[in-house]
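Visitor: Sequence:
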Amino acid sequence: MHRKINTLALICVSIAAAAFAQDLPMAKPESVGVSSERLERIGTAVQRSIDEKRIAGAITLVARRGRVVWFKPQGMMDREASKPMRPDTMFRICSMTKPITSVAVMMLYEEGHFLLEDPISKYLPEFKNPKVLIQPSSGAAYTIPAAREITIRDLLRHTSGLTYHWNDRLGPMYAAANVAHGLLPYDGTIEDNVKRLAAVPLFFNPGDRWEYSLGVDVLGRLVEVVSGKPLDEFFRTRIFEPLGMKDTYFYPPENKLERLATAYTFYAEKGLNRFPDTPITEGSFVYSADYPYRGPKKLFAGGAGLTSTAVDYARFCQMMLDGGKAGSTRLLSRKSIELMTQDQLGKISPDQGFGLGFGVEGVKVPLPELGSPGEFNWGGFFYTAFSIDPKEQMVVIFMAQLHPTGDLSLDRRVNALAYQAIAD
1 MHRKINTLAL
11 ICVSIAAAAF
21 AQDLPMAKPE
31 SVGVSSERLE
41 RIGTAVQRSI
51 DEKRIAGAIT
61 LVARRGRVVW
71 FKPQGMMDRE
81 ASKPMRPDTM
91 FRICSMTKPI
101 TSVAVMMLYE
111 EGHFLLEDPI
121 SKYLPEFKNP
131 KVLIQPSSGA
141 AYTIPAAREI
151 TIRDLLRHTS
161 GLTYHWNDRL
171 GPMYAAANVA
181 HGLLPYDGTI
191 EDNVKRLAAV
201 PLFFNPGDRW
211 EYSLGVDVLG
221 RLVEVVSGKP
231 LDEFFRTRIF
241 EPLGMKDTYF
251 YPPENKLERL
261 ATAYTFYAEK
271 GLNRFPDTPI
281 TEGSFVYSAD
291 YPYRGPKKLF
301 AGGAGLTSTA
311 VDYARFCQMM
321 LDGGKAGSTR
331 LLSRKSIELM
341 TQDQLGKISP
351 DQGFGLGFGV
361 EGVKVPLPEL
371 GSPGEFNWGG
381 FFYTAFSIDP
391 KEQMVVIFMA
401 QLHPTGDLSL
411 DRRVNALAYQ
421 AIAD
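The sequence shown begins at 1 in this note's numbering and counts up one residue at a time.
Hints were generated in silico from the structure; no laboratory data involved.
Errors might be hidden in some of the hints.
[Unchecked claim] When the alpha-carbon atoms are kept at most 25 Å apart in a straight line, the in silico PhoX-like pairs for lysine-lysine are as follows:
#1 K28 / K391
#2 K391 / K335
#3 K128 / K195
#4 K229 / K128
#5 K298 / K195
#6 K347 / K335
#7 K256 / K83
#8 K246 / K298
#9 K195 / K122
#10 K364 / K335
Starting from the given sequences, assemble the full structure and let the hints guide the process.
Guide: Here it is as structure tokens:
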């Protein structure tokens with residue numbers, strides 16, 4: 001009887017998935033040069049990780065030439081409550097917020113509000129005359145004036161001199177200054193947060209190196225100042241509604257919270273467990289999984305704060321793949337998409353390819369796995385990822401909810417399995 005119930009539940013989920021994905025155009029895989037048989041390897045790999053209790057569940061999606069050819073919820077969105085992963089499950093997408101904020105910035109750039117080489121202090125004066133922290137081999141740390149100011153381009157490509165709380169040197173200073181990173185309930189706005197961040201020294205001179213950072217949160221505040229709208233309103237009216245992203249929010253409404261996937265942790269010595277009710281502390285970095293629904297809900301963290309679905313994010317990816325256009329709606333020009341998705345680091349980083357808001361593969365070193373040079377992508381803290389390939393006209397999305405991951409490579413395997421299914 002138990003087996004029959006599980007089978008029936010899987011059939012119901014499959015039917016619902018097909019209906020839900022109808023919101024995006026669907027096609028038989030072979031009609032767009034993809035093998036149906038080979039796509040099944042994605043489902044097999046995901047199921048293996050579920051069976052091995054490395055993840056509770058996941059959703060995978062593959063689209064080619066503007067058509068969805070694979071869309072599969074698997075496992076549980078809440079293992080302890082026996083709630084199956086559903087097609088419209090919502091996920092904490094964390095740093096997959098960054099590309100959306102970057103698009104918002106570029107939309108305002110296209111309206112002529114600023115140039116990418118403008119110093120951010122022109123719009124956020126708290127960043128005027130930045131200082132760099134110097135830590136000598138002996139003696140107390142001190143600061144010196146930065147060689148130049150932070151530009152908008154620096155913030156988009158992560159060469160600003162800002163960092164994150166896990167940085168050994170500046171992390172404790174961020175924590176002491178009550179700087180938020182977006183993965184913890186926070187009693188303050190993005191304006192409050194950015195002003196606190198600006199008061200802390202930089203890690204290095206702007207433009208000297210690549211360091212993943214809170215710079216995109218600063219860009220979120222730039223969007224507010226330039227547009228005159230709160231970041232959540234700008235996202236909703238200028239990006240989400242035009243793209244039909246009806247399930248993407250900083251703070252999901254109460255009637256949708258039942259669709260938020262449970263977050264899990266994986267430690268080798270403990271296995272897979274539900275994320276604890278209290279925050280996890282790793283040095284000066286403290287994070288939780290309850291920030292989408294607890295706390296003051298005033299912070300719109302442009303670098304980490306959004307919750308979304310696989311289908312919603314696929315719409316965003318397809319807009320990027322289609323040169324900034326979704327149907328008859330244009331968010332960005334083709335030229336802006338080209339600029340955002342080519343390497344912006346040059347000699348600053350000989351190995352890292354990064355554009356304006358996106359990682360770029362195969363432009364400086366050989367591809368590490370199956371893919372195409374110029375494929376652009378990124379991922380999120382709670383184990384979500386996407387890739388967009390202009391050459392193959394393909395979008396791949398992976399969404400689970402896990403951190404730490406225990407070095408699980410399922411997201412990268414799903415991406416490689418999508419590529420091996422290309423059959424034309």
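Visitor: For every hint, state whether the structure bears it out.
Guide: Consistency of the hints with the structure:
Annotation: proposed proximity of K28 to K391 holds, straight-line Cα distance about 20 Å (limit 25 Å). Restraint check for K391 and K335: the C-alpha separation of about 16 Å stays at or below 25 Å, so the hint holds. Proximity of K128 to K195 is assessed by CA-CA distance (about 11 Å); at most 25 Å being required, the pair is judged to hold. Pair hint K229 plus K128 holds up; C-alpha atoms about 23 Å apart against a cutoff of 25 Å.
For the given pair, K298 sits about 15 Å from K195 by alpha-carbon distance, which is consistent with the 25 Å threshold. About 23 Å separates the Cα atoms of K347 and K335, which keeps this hinted pair within 25 Å; it holds. With a C-alpha separation of about 15 Å, the suggested pair K256 and K83 falls inside the 25 Å cut-off, and the hint holds. Between K246 and K298, the direct Cα distance comes to roughly 21 Å. Compliance with the 25 Å bound is thereby established for this hinted pair.
Between K195 and K122, the direct Cα distance comes to roughly 14 Å. Compliance with the 25 Å bound is thereby established for this hinted pair. Only pairs whose Cα atoms come within 25 Å are accepted, and K364 paired with K335 is accepted, the gap being roughly 22 Å.
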